[in-house]
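Here the protein sequences come in this chain order: A and B. Position one of the first sequence corresponds to residue 147 (our numbering), numbered consecutively onward. Position one of the second sequence corresponds to residue 3 (our numbering), numbered consecutively onward.
A portion of the hints provided could be inaccurate.
Computed list of lysine-lysine pairs in DSSO-like fashion (alpha-carbon distance at most 30 Å, straight line) [to be verified]:
1) 151(B) <-> 360(A)
2) 262(B) <-> 366(A)
3) 31(B) <-> 423(A)
4) 423(A) <-> 105(B)
5) 177(A) <-> 360(A)
6) 208(B) <-> 366(A)
7) 423(A) <-> 158(B)
8) 151(B) <-> 488(A)
9) 216(B) <-> 476(A)
10) 351(A) <-> 166(A)
Calculated from the structure, these hints are not laboratory results.
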Amino acid sequence: MGYTLSKERAEALFAKLKEKYQIIAPKRFPKQGRYSDTDIIRYDQIQSPDEIEYRRKSTFPMKEALNPIQQSLFFYTEDEYREARKNLKPMLIFGRACDINAQKIQERIYLQNGNFEDAYYRRRHELARFVLMECEESTDTCFCVSMNSNKTEDYAFAVRFHEDGMDIEVKDPEFEAWFADQEPSDYHVRFIESNELSVKPPVIKDRETLIALKNHPMWKEYDKRCISCGSCTIACSTCTCFTTRDIVYTENGEAGERRRVSASCQVAGFDQMAGQKEIRNTAGARTRYKALHKFHDYDARFHEGHMCVGCGRCIDRCPEFISNAAIVNKMSDAIDEIQAEKAGEEALYAR
Amino acid sequence: MRDNILLPTAREILNVKQESGHEWTFRVKTDDTVKPGQFMQLSIPRVGEAPISVSEQGEGWLEFTLRPVGKVTDVIFRKQAGEFLFLRGPYGNGWPIDRLDGKNLVVITGGTGLAPVRSLLNRYNENPDKREDLYLIAGFKDAESVVFKEDLNRWKGNFHTTYTLDYGNFEDFSSGMVTAFVKDIPWSDFGDNYAVVVVGPPPMMKFTGLELLKNGVEEDRIWMSFERKMSCAVGKCGHCRIDEVYVCLDGPVFNYTTAKNLVD
Chain A
147 MGYTLSKERA
157 EALFAKLKEK
167 YQIIAPKRFP
177 KQGRYSDTDI
187 IRYDQIQSPD
197 EIEYRRKSTF
207 PMKEALNPIQ
217 QSLFFYTEDE
227 YREARKNLKP
237 MLIFGRACDI
247 NAQKIQERIY
257 LQNGNFEDAY
267 YRRRHELARF
277 VLMECEESTD
287 TCFCVSMNSN
297 KTEDYAFAVR
307 FHEDGMDIEV
317 KDPEFEAWFA
327 DQEPSDYHVR
337 FIESNELSVK
347 PPVIKDRETL
357 IALKNHPMWK
367 EYDKRCISCG
377 SCTIACSTCT
387 CFTTRDIVYT
397 ENGEAGERRR
407 VSASCQVAGF
417 DQMAGQKEIR
427 NTAGARTRYK
437 ALHKFHDYDA
447 RFHEGHMCVG
457 CGRCIDRCPE
467 FISNAAIVNK
477 MSDAIDEIQA
487 EKAGEEALYA
497 R
Chain B
3 MRDNILLPTA
13 REILNVKQES
23 GHEWTFRVKT
33 DDTVKPGQFM
43 QLSIPRVGEA
53 PISVSEQGEG
63 WLEFTLRPVG
73 KVTDVIFRKQ
83 AGEFLFLRGP
93 YGNGWPIDRL
103 DGKNLVVITG
113 GTGLAPVRSL
123 LNRYNENPDK
133 REDLYLIAGF
143 KDAESVVFKE
153 DLNRWKGNFH
163 TTYTLDYGNF
173 EDFSSGMVTA
183 FVKDIPWSDF
193 GDNYAVVVVG
203 PPPMMKFTGL
213 ELLKNGVEED
223 RIWMSFERKM
233 SCAVGKCGHC
243 RIDEVYVCLD
253 GPVFNYTTAK
263 NLVD
């Protein structure tokens, strides 16, 4: 069912929702961007609908709300680890279709991979409901349509923001009660149907082709261009990797905390074992590892599509202006080349 | 409350034993049961966690053999009997016992690569009825690197053993890389009733694999154990992933048909 809310009514509704839910949405942090006089937009708890930055795509993805960049796992003393448990409230998390689809990938890793369930992710996941933010238009780095993530059904209600208030479409009947005294409307959420940018994910049909693609000269370009800073993976909606770190509270070092911190396969040392050399020791090798994880390995393991929702934040954030969309298309071109070469060789042998 | 898979538990160190110039074995009190070839996450509060393979197990204890090469192992080295190590696990698949039992077995190890097969070898040493002949080629860098000397001596009586050093001399050890001895195995006597286990540093495993193929060994009869950086050991942290494979979940033991394609 659809509703139209004035600014004042929206404000009043949020005040009521706040009693039950922690409301988490993209919020603008003025002058906290990486260049002088620039802002960042990231997920945080909000108190009023005014705080939601809906005009621009957030700099950092929604995953932070469910899996914080830093998270305490345990408190330790010399002879015991005690689980860090936060008293969490149910959460309403505002996100776009791509953001909500990205959480399916996070769930696949954190709740299902290897049949091990991560307790920290599970607790937040069980308390979270999504509020879909309608995209009025696609940005020049979005390619959600190519990744089939421009639409979703997984939301409690959808919102279209405008200057004077908001339009709402309630999807989950449980949420109808919150809107009982609001003015009905015929609003239905609209999804983005096309992007300026499109990608053609590579079709890697066998192990031989995969190995040929790994050895293709296309990766050499990134030895020069990529600086292995990891900005793309931190901005990525679907990247899940982390490292655990112990921190010490007291001077004698006997009490402290074990945390997990987001990690990046793009940063040197990600694969380095104690006393051994790094396995992927060039920026090109790391770029290849990430690109193939996103566009081959994930699907090869789970058979449910690629590990990318086309949110384009990796492209927005790269300080070297590397486009992952371009990398995907280059991979497809490389596959065509590999297959043409193979067909040529076969023809030669057949003669 | 469902279990927290990342929670380590304090376990008492029962005994510490020097194995070689670099390696020490820590025996830890625990009732955890582990299959040969599996590993555990060892933790030290304020330092961190590391995956370490179980080098032997017994009633109420497990052993870990390690060298001080990183933050965690450096601190474990300062621990003595009566102090605590923190454990969680076991993790990984372990050796495919059902594919090894009843066969002629060839085990080829490089250095401390002997640790993850030690309990497997002891199992076949104590239960000769579970196998045909067992050929062990154990290579070490030099005299200082030789580990599990008591086991090596005990195995001499029951296995066909070749112990070799890359450099220098030690007791009656041969000289040369393990690959040089692969051709001496009586492969043709085995028919198709055999299996091969290889563990060691990556270049050693690679060249041993190639040497085995040269000797006509079939790929699907070779098993190798991998080592990778890990934070979680439960398929979440991503550090050990190679292609669609997670070494912590799908390994560390892989059949050669998979292992040969695992390119980082």
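Going down the list of hints, with the structure as the test:
Among the hinted pairs, residue 151(B) with residue 360(A) is inconsistent with the structure: their alpha-carbon atoms are about 43 Å apart, more than 30 Å. About 24 Å separates the Cα atoms of residue 262(B) and residue 366(A), which keeps this hinted pair within 30 Å; it holds. Restraint check for residue 31(B) and residue 423(A): not satisfied, since their Cα atoms lie roughly 33 Å apart, outside the 30 Å limit. The suggested pairing of residue 423(A) with residue 105(B) is violated, with an alpha-carbon distance near 37 Å, which exceeds 30 Å.
Distance hint between residue 177(A) and residue 360(A) is unfulfilled; the C-alpha atoms sit about 41 Å from each other, more than 30 Å. The hinted pair formed by residue 208(B) and residue 366(A) meets the criterion: a straight-line CA distance of about 25 Å does not exceed 30 Å. Straight-line distance between C-alpha atoms of residue 423(A) and residue 158(B) comes to about 35 Å, which puts the hinted pair past the 30 Å bound. For the hint pairing residue 151(B) with residue 488(A), the CA-to-CA distance comes to about 53 Å; that exceeds 30 Å, so the pair is violated.
Proposed proximity of residue 216(B) and residue 476(A) is contradicted: the alpha carbons are some 38 Å apart, above 30 Å. Our distance criterion of 30 Å between C-alpha atoms is broken by residue 351(A) and residue 166(A), whose separation comes to about 50 Å.
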